[in-house]
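Use the sequences and the hints to build the structure in full.
First residue of the sequence shown? That's 287 in my numbering, and the numbers climb one at a time after it.
Keep in mind that the hints are not guaranteed to be accurate.
[As the list claims (entries may be wrong)] Simulated crosslink set (DSS-like; lysine-lysine; CA at most 30 angstroms straight-line):
#, residue 1, residue 2
1, 297, 539
2, 305, 539
3, 368, 598
4, 598, 567
5, 297, 543
6, 598, 539
7, 600, 377
8, 297, 600
9, 377, 567
[To be verified] Simulated restraints, written as ranges between beta carbons of each label pair:
#, residue 1, residue 2, range
10, 405, 557, 28 to 36 angstroms
11, 579, 295, 50 to 58 angstroms
12, 601, 402, 48 to 56 angstroms
Source of the hints: derived by calculation from the structure; they are not laboratory data. Backbone N, C-alpha and C define an ideal beta-carbon position, used for all residues, glycine too.
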Amino acid sequence: MREGLFIKKNKDRWEKLEKQTPVDPDEMASEFTKLVDDLAYAKTFYPRSRVTRYINSLAARIYLGIYRNRKEESSRIVRFWKYDVPHTIGKHYRIVLFSVTIFCIFFLVGFFASVKDPQILDSIAGSGYVAMTEHNIRNGNPFGVYQDENALLMFIRIMLHNVRLSFQYFFEGVIFGIFSLRALIYNSFMVGSFEQLFHRNGLGLAWVLAVLIHGLLELTALILACSAGMILGTGMLFPGTGRRWDTFRQGAKDGVKLIVGLVPIFVTAAFFESYVTRHYKMPLILNLILLLTLASFVVWYFIMLPIRLHRKTKAAQAEVNA
Numbered sequence: 287m288r289e290g291l292f293i294k295k296n297k298d299r300w301e302k303l304e305k306q307t308p309v310d311p312d313e314m315a316s317e318f319t320k321l322v323d324d325l326a327y328a329k330t331f332y333p334r335s336r337v338t339r340y341i342n343s344l345a346a347r348i349y350l351g352i353y354r355n356r357k358e359e360s361s362r363i364v365r366f367w368k369y370d371v372p373h374t375i376g377k378h379y380r381i382v383l384f385s386v387t388i389f390c391i392f393f394l395v396g397f398f399a400s401v402k403d404p405q406i407l408d409s410i411a412g413s414g415y416v417a418m419t420e421h422n423i424r425n426g427n428p429f430g431v432y433q434d435e436n437a438l439l440m441f442i443r444i445m446l447h448n449v450r451l452s453f454q455y456f457f458e459g460v461i462f463g464i465f466s467l468r469a470l471i472y473n474s475f476m477v478g479s480f481e482q483l484f485h486r487n488g489l490g491l492a493w494v495l496a497v498l499i500h501g502l503l504e505l506t507a508l509i510l511a512c513s514a515g516m517i518l519g520t521g522m523l524f525p526g527t528g529r530r531w532d533t534f535r536q537g538a539k540d541g542v543k544l545i546v547g548l549v550p551i552f553v554t555a556a557f558f559e560s561y562v563t564r565h566y567k568m569p570l571i572l573n574l575i576l577l578l579t580l581a582s583f584v585v586w587y588f589i590m591l592p593i594r595l596h597r598k599t600k601a602a603q604a605e606v607n608a
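Put into structure tokens, the structure is as follows:
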């Protein structure tokens, strides 16, 4: 059979599967079997054709759908945070790793730039805020800014502010991810400059112990929000073997998954910043337990789980290819 006739014969069924994966398990298994037959035929007669790669990716997606539609994951909401969000991070691990690297680099740039020019922080955070922080340091209450407002009002204000910013950074990424990258650089530089402010006043470790109570979650979510914007933008810039519009649309879909999945993280970070960080003079052991618990969650959910799911995806694709 000629390739054109093969495509014409199966095109409608493939497009239907691409737009909507069957929900019924029996129907899904039946369609998967047909796709495997199509893939075997295509590999035999058109081994280097784009249609072979297309069928392979479609079969892999349905295979993963069969895997993750187990009974214990019947709840779509639970599955979204248990599977979809970490799977999206693993899928785009190169962009996430790039964002983490950029954050670390410009954190150090901000730190050392403030060593040479302490006034540089004024132009970033505002001279009023910096003056207030320095006043609190001189008065022996360096993190008093977290105690100056009603906890509930502070929680609502910070939560809404951070969620709004995360969506802003995401949508800014539509222009090839440039403005999402700029936002990441700006925030990284500012955090590094603030750490230097406390460091030169002998409070570098105190800053880590106090601010990271909420900062571990907040900064992680910030990095991933900017990553979501870059996922959106680079889908158009680097389409790979697919069509540019399809790649952009998939990048937008993945970016939305990630940014929506970060909302509970921003909410939790705002809670810690409003209700817990204000008690930064807590016993050291309690502080360390909090930090270790939060760090363990960040490492597990944003690093280990995405890696494990990404490896399972690769294994599933390899099984389909076999």
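Status of each hint after checking the structure:
1. 297 - 539: 24 angstroms, holds
2. 305 - 539: 13 angstroms, holds
3. 368 - 598: At roughly 15 angstroms apart (the allowed maximum being 30 angstroms), residue 598 and residue 368 satisfy the hint.
4. 598 - 567: 44 angstroms, violated
5. 297 - 543: 29 angstroms, holds
6. 598 - 539: Roughly 21 angstroms between the alpha carbons, so the hint for residue 598 and residue 539 holds.
7. 600 - 377: Distance ~10 angstroms between residue 600 and residue 377 Cα, so the pair holds.
8. 297 - 600: At roughly 26 angstroms apart (the allowed maximum being 30 angstroms), residue 600 and residue 297 satisfy the hint.
9. 377 - 567: 41 angstroms, violated
10. 405 - 557: 28 to 36 angstroms: 34 angstroms, holds
11. 579 - 295: 50 to 58 angstroms: 57 angstroms, holds
12. 601 - 402: 48 to 56 angstroms: 50 angstroms, holds
Comparing the model with each numbered hint stated earlier shows that hints 4 and 9 do not hold.
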